[in-house]
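**Q** Sequence:
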Amino acid sequence: MSETIYNRIAVLRAERGVSRRQLAEALGVHYQTVGYLERGEYSPSLYLALRMAEYFEVPVEVLFSIHPFPRIGAERSA
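In this note's numbering, the protein residues as written are -10 to 67.
One or more of the hints may lead you astray.
If you anchor each label on the Cβ, the simulated ranges turn out as follows [as the list claims (entries may be wrong)]:
| id | residue 1 | residue 2 | range |
| --- | --- | --- | --- |
| 1 | Ile55 | Gly6 | 24 to 30 Å |
| 2 | Glu14 | Glu(-8) | 24 to 30 Å |
| 3 | Gln11 | Pro59 | 23 to 29 Å |
| 4 | Ile55 | Tyr25 | 15 to 21 Å |
| 5 | Tyr(-5) | Tyr20 | 19 to 25 Å |
| 6 | Gly17 | Pro57 | 16 to 22 Å |
| 7 | Pro59 | Gly17 | 27 to 33 Å |
| 8 | His56 | Arg10 | 26 to 32 Å |
| 9 | Leu39 | Ala(-1) | 15 to 21 Å |
| 10 | Ala15 | Pro48 | 16 to 22 Å |
The hints are simulated quantities; they were obtained by calculation from the structure and are not laboratory data.
Positions of the beta carbon are idealized from the N, C-alpha and C atoms, including for glycine.
Work out the full structure: start from the sequences and follow the hints.
**A** In structure tokens:
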């Protein structure tokens, strides 16, 4: 069983115009940590995941999942 945590951090950052450094400063972590999280090289603690969801004002499930997120545009149906 895989313990991979998938995320949409980069998508939300891009939508909001937030840099890795800005997000890191707001969360009190190193900016490289944000990069590791985005690439799936590091899984956040529950505390950090909840703080990040609060920062983006979304439910944590919008930001993190144990299943891959659908590709953008793949959710459209005719």
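**Q** Run every hint past the structure and note whether it holds.
**A** Comparing the hints with the structure gives:
1. Ile55 with Gly6: 24 to 30 Å: The hint (24 to 30 Å, Cβ to Cβ) holds, given that Ile55 and Gly6 are roughly 28 Å apart.
2. Glu14 with Glu(-8): 24 to 30 Å: holds, 28 Å
3. Gln11 with Pro59: 23 to 29 Å: holds, 27 Å
4. Ile55 with Tyr25: 15 to 21 Å: The hint (15 to 21 Å, Cβ to Cβ) holds, given that Ile55 and Tyr25 are roughly 18 Å apart.
5. Tyr(-5) with Tyr20: 19 to 25 Å: For Tyr20 against Tyr(-5), whose Cβ atoms are near 21 Å apart, the range 19 to 25 Å holds.
6. Gly17 with Pro57: 16 to 22 Å: violated, 29 Å
7. Pro59 with Gly17: 27 to 33 Å: holds, 31 Å
8. His56 with Arg10: 26 to 32 Å: Given about 29 Å between the Cβ atoms, the range holds.
9. Leu39 with Ala(-1): 15 to 21 Å: holds, 19 Å
10. Ala15 with Pro48: 16 to 22 Å: holds, 18 Å
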